[in-house]
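Chemist: Protein chains in written order, with my numbering: chain A, 76 to 429; chain B, 76 to 429; chain C, 76 to 429; chain D, 76 to 429; chain E, 76 to 429.
Hints should not be assumed to be uniformly reliable.
Unchecked claim - If the Cβ cut is set under 8 Å, some of the chain E residues that face chain A in the computed set are: (1) HIS96; (2) GLY104; (3) VAL327; (4) PHE393.
In case anyone wonders, no lab produced these hints; they're calculated from the structure.
Glycine is no exception: its CB is placed at the ideal position from the N, C-alpha and C atoms.
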Amino acid sequence: MPRLIKKRSQKAGLPPGTLVHIGDVRVEGAKVTLISYDEAHCQEIEVTAVEECTAFRDKPGVTWINVDGVHQVEVVERIGECFGLHPLVMEDILNTDQRPKMEDLGDYIYIVLKMLDYNEKRDEIVGEQVSLVLGPTFVLSFQEMEGDVFDPIRERIRTGKGRIRAMGPDYLAYTLLDSIIDNYFAILERLGERIELLEERVVTRPTPRTLQTIQTLKREMIFLRKSVWPLREVVASLERGDSPLIKESTRVYLRDVYDHTIQVIDAVETFRDMLSGMLDIYLSSVSNRLNRVMEVLTVIATIFMPLTFLVGVYGMNFQYMPELGWRWAYPAVWLVMLAIAATMLILFRRNRWL
Amino acid sequence: MPRLIKKRSQKAGLPPGTLVHIGDVRVEGAKVTLISYDEAHCQEIEVTAVEECTAFRDKPGVTWINVDGVHQVEVVERIGECFGLHPLVMEDILNTDQRPKMEDLGDYIYIVLKMLDYNEKRDEIVGEQVSLVLGPTFVLSFQEMEGDVFDPIRERIRTGKGRIRAMGPDYLAYTLLDSIIDNYFAILERLGERIELLEERVVTRPTPRTLQTIQTLKREMIFLRKSVWPLREVVASLERGDSPLIKESTRVYLRDVYDHTIQVIDAVETFRDMLSGMLDIYLSSVSNRLNRVMEVLTVIATIFMPLTFLVGVYGMNFQYMPELGWRWAYPAVWLVMLAIAATMLILFRRNRWL
Amino acid sequence: MPRLIKKRSQKAGLPPGTLVHIGDVRVEGAKVTLISYDEAHCQEIEVTAVEECTAFRDKPGVTWINVDGVHQVEVVERIGECFGLHPLVMEDILNTDQRPKMEDLGDYIYIVLKMLDYNEKRDEIVGEQVSLVLGPTFVLSFQEMEGDVFDPIRERIRTGKGRIRAMGPDYLAYTLLDSIIDNYFAILERLGERIELLEERVVTRPTPRTLQTIQTLKREMIFLRKSVWPLREVVASLERGDSPLIKESTRVYLRDVYDHTIQVIDAVETFRDMLSGMLDIYLSSVSNRLNRVMEVLTVIATIFMPLTFLVGVYGMNFQYMPELGWRWAYPAVWLVMLAIAATMLILFRRNRWL
Amino acid sequence: MPRLIKKRSQKAGLPPGTLVHIGDVRVEGAKVTLISYDEAHCQEIEVTAVEECTAFRDKPGVTWINVDGVHQVEVVERIGECFGLHPLVMEDILNTDQRPKMEDLGDYIYIVLKMLDYNEKRDEIVGEQVSLVLGPTFVLSFQEMEGDVFDPIRERIRTGKGRIRAMGPDYLAYTLLDSIIDNYFAILERLGERIELLEERVVTRPTPRTLQTIQTLKREMIFLRKSVWPLREVVASLERGDSPLIKESTRVYLRDVYDHTIQVIDAVETFRDMLSGMLDIYLSSVSNRLNRVMEVLTVIATIFMPLTFLVGVYGMNFQYMPELGWRWAYPAVWLVMLAIAATMLILFRRNRWL
Amino acid sequence: MPRLIKKRSQKAGLPPGTLVHIGDVRVEGAKVTLISYDEAHCQEIEVTAVEECTAFRDKPGVTWINVDGVHQVEVVERIGECFGLHPLVMEDILNTDQRPKMEDLGDYIYIVLKMLDYNEKRDEIVGEQVSLVLGPTFVLSFQEMEGDVFDPIRERIRTGKGRIRAMGPDYLAYTLLDSIIDNYFAILERLGERIELLEERVVTRPTPRTLQTIQTLKREMIFLRKSVWPLREVVASLERGDSPLIKESTRVYLRDVYDHTIQVIDAVETFRDMLSGMLDIYLSSVSNRLNRVMEVLTVIATIFMPLTFLVGVYGMNFQYMPELGWRWAYPAVWLVMLAIAATMLILFRRNRWL
């Protein structure tokens, strides 16, 4: 899981719009790829000098520029200038600690959200900030590092499968959004499996480690919630907004994305409820265990304390103890002791302590 | 209870509107039945080829097509095409993990909700997704498997009892909705009985199993809540919406359904409150039991420890212990010990430990 | 307290508007009384045949028909037909599981709420559903059984005390509502007394029974809440609604009823908070008791275990134990043991365990 | 603290507007004082016969009539009639169980709220209901008993300090409101001191009494909340309302009062949070104490049980026990026992039990 | 952390608008500095007599007057009079117990909020109230003491770096706001580090001190929340308000501040959730520790009690105990005892108590 709060103190006192990267540097260099397509053609370029992009700015059709590595401030800056982004928007792209939000700046729409991945080795969610800029003929996407969930989309553009080549940049932006949110379900599936496993273990064999796992999952839920709740508003504003950048035909798809977002929120809330329930079970199973331990102790003590007392009595050294000389006293004491033990055991069984 | 999260990962990366079934396959094949009726006639057909439906599309009167088995993607697809459904709607019908919702698409209204059943053998709620499409002359209903709560409605259509034959498709859709929600009360009755039973048991004889039952019921409540809360909005939008597909005379019935939905929500919330209360009782009864165990232990220890000490004293082997030679020393020690034990018992009784 | 969920399953599958009574039958037969009055006259009839009412339907002045025993379906049905009630309204009157609500049906207003009574013998709240129908010249009231809080109103009508005879049916409906809600205060007074009593007992002498009483009261609160919260909206709609059936001069009285409803809600919430607080006290007093028990055990064990060990030492049978032959060894051991015991006691007192 | 629910049952069945006092009678007789002032003059009268007030009703300038002792029904009634109050308003003045509220009745505005005082001797909040009636030329104030926070205002009117003499009755009403709410801060200061004291004690020396104090403070908070939350709405309606009785120049002062009300609410909520936190600390310190007790017991038992067993072994009376005859057996046993005890102590210290 | 409630009682009874300082006096004297700038010039004055400011009041360009030490009532008063502040605004400036708020008074906008600092030595947050007044040509800022987060802004004004010199007073006010809120992130970073540290410790080595730290952090969160939540509304009103004092070009920057405020709120809520989770872990780790202690006790008791009983048996002094004379009885008893101990140990290991 990412750190709770990213270091922003380095930025204190700088004028607004100063471009400084906030967050961990997770990859060397930056990689810029450009795909330009319309219904008939499709062209793909690995950009080495940002200036190459300028030509595509007003080209008809759709141009999608993807940047991996936002810590390369000057790359983001030059692309931003080329496409006329506001300094505050560029600042937001560089600051990887953003809350998901959507801003309609007239000429373009800026969307920022989290792309999640599940690190199987360390069993934890890895988040990466993705910024999308939707303009009249282009979509810019900024990621923290290489590797994303967009490959099937690239494939669809290349092969012309589906309707994507026939649609505008708003449809492309929707597709990117959709694939990010769809990926949340994969994360939830993995978490759901872990929770179901945990649910069994908490009943059959609770250990302090179980508690820790519950707490870790709870923290993951806090993280997920923070990524997902604001998304609801983001997608709703996109769908209901009146920006001419989003065509009417795309809105029905955005409503679909909205439904998915609500489903993700629902699942997160359900998981939270279940984890709270497990904590209750865990705590009460600890109490139950204590009860069982104490019952064992009490049973043992209650049986042996009277017996030990009794044998102590006949270990006394008084000169005048008539029983000591009796012929059958010893076996009789054994009989008495067995009777006491048996009575106790019966009593305990009645109280269901055994 | 159904799984927490249904496998959607198989769908990742596919273009939107790609028809893939999500959920468990619970029945072989798909069964399509068609009922067409107006005030005078009523015709019922078991459809074998979907094309048979086309003829009924614009037929006056009401046509109700019911599909059991939405995993048969091509059946849903062909019916959808025949009645002009949007690809995203068809996708939603196939994805059995939907949150209850209502969408007014102009030509038709799409409603999706859960039909619940109580599996008496396994003592759990079984949910099935039902999609309703209300058009100007038809109602389509899609279910995951055979067996539903609609048989009394079919009977009413056949016999012409009640006003159903005289009314339009909006009334039929209302009747279907109403019978699904009415069935929730039957589920709640069963759960209510279990809760009342549990309430008694938690006081008289709490065991770790009781706790587990409380948790299971809590989970069922989470599931019920997820099915019922969004319904409120669904029914409210139907009632207050301005779709010409729903006639004014039907709205008063929808208000009635709305009231029922609120009642179901109320009952679910009441049950949740009661289950929380039971958890409190359970936990405190565990503590009480511990207290009782510890009191027994303390009573035993407090009585026998001093006595054992005393008999130990006279088990010492000192040469100069005058008491050992006294004539009545042994009975005197017994008297002292009885006195000690009696005093202790009286003290405990005063403290209400016995 | 009434059952959690009333049996509605008998109704499953019946067409809407089918009149079936839901709830317990609490009285034999049905009793219908009619009071017709204006400023000058007042006539009171015990109705035997429902048809007698028809004459009063359009009579000027105010006609109040009260029905005790809604399980007599045909009585409700015939009165309903006489006064032109919608089948769904009649269904609601018969279904005694309604949530408080108000419906403006144009020609008349339908109000349903709970009338509460406190059963002193069984120390519990008894609820009864009351339906009010306010028409242009009449008020109908339907109750589950005889016995209500309306007697002072009847008396006021008969004697012409207050302004009631001079006012229309809306004022009568207000008076009925007001007397039902005023009665809630009597219930709250009784519950308040029980809670204050409990509050003392939970501190001075908590037993498992105390916990059960807390839980019972909590359940009563859940029940009260369910009856009272929706009332707020009911009264607010009456006051702010624009039905011509309610005159402007009556609205100021309805605002008063609204204030009372809010006060009742406030009291219920306060009681709930207090009961939660008591649960905390109860649980912590159980823990405190355990602490005290364990301290006693520890004190006893810590004093006698070392002593028992010591006497055990001199009970050993070694041939070469010089102490055994010493003249003052025995008293010396006693002195040592007393010193140990005294030291322990002082230590415990310092730790405030005694 | 006042009782939870005041006896209202005596009022059941009476027609609305019947004037009956509800609440405790806290003072003998009623005291009516009248202050009439304008910028130039100021006249103060102790009223003996209510009729004296009539003359001041339409007198220019401001007339402030204050009544101490609302249980004197006829006094309230006659003043109410003189100034044209609605019977329901008079009923509200007499009923000292009102929730804070504000009602604009056109000719005058009725405000009811709680004036709080801190009883230093019994360490509890004492509440008294104050009703204010703001008319075009007069302000009426009704209190339950003598003694209030208005003396500085009276002084300011007499001496003409500040702007009060130059302003109208709306400013006077604001001043009264303001002084009541300002007094809440004094109460909060006292409670804050108690809470800070308690916070220290709960950490250093928690006793069952501490818990009780926490609960008492929690109850005071419930009471305060009930008095303060509705005030927010009251003051907001006064400020934003459009009554001509409140001049534009006074509204800025009301906004100030509104800010104070919010501050009071904030403080109450903060106190509630802190008291919840203290309860957590208390409960966990009880658990910690139990742990310490049990550790002591375990240490004692674990050291002495093996030793007692060992001395028991050599107390056995077998004829063939070679150790008994050995020369150094006795000191050897002592050495072994010391070694066991030392080992145990070291182990415990490692586990931090000592 | 500052006191819960500041002493306001000294103000009780004074007329509104009376200027009295509420809060701690934290600095001697008051320091007033004035910076006047436009795009071309920049002048900085340390003001000794407040009258010097008058000249700058209507000077074109921007004048920023900063006052350190609001306890100097007459300084605030004279500046307030010079710039035409309402008496209630001056009162708010002096009362350092304000809730963050924004008031548009037409000629100027008054903003009050908290500037936070982290006292590294005492590991706690220190809050100071800052009041901002934004007029058409001036910005006034009032602080409790010297030392603030504005130095980089002063530097930027002096050097003319960034756009600040070219912008109006609204941009200056924004910059001050922004730097205060940006500083919150530094506080959150420090708290985040402490929480992460604590999270580790609560799992590995929980002590009562840990609990206290959790509670202290919880209190800091309560304090932070109180400072931050109302800010949201403050900034939103500034951004969405229609005051001509704020130019359109500045609003986009205010939206940025708004986003930061939301991020701070998010972080505070996340921290609160995490601290609650830690409390759960702490409490359950205390229970676990008790379980372990009790298991040790039970193991010891269960092994040695039967053995002690057995050796007691052969310590009895009966004349007829055949075993006592047997040749191998003593070693046989040892064997039996070892067998018992071994069996117990195996049983415990199976139950995972060892």
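Chemist: If a hint holds in the structure, say so; if it doesn't, say that too.
Modeler: We went through each hint and held it up to the structure:
1. HIS96: HIS96/E check fails; min Cβ-Cβ to chain A is 30 Å, beyond 8 Å.
2. GLY104: The hint is violated - GLY104/E has no Cβ within 8 Å of chain A, the shortest such distance being about 27 Å.
3. VAL327: For VAL327/E, the interface hint holds, since the closest Cβ of chain A sits about 6 Å away, which is under 8 Å.
4. PHE393: Check passed: Cβ of PHE393/E comes within 5 Å of chain A, closer than 8 Å.
The structure does not agree with the numbered hints 1 and 2 stated previously, though it agrees with the rest.
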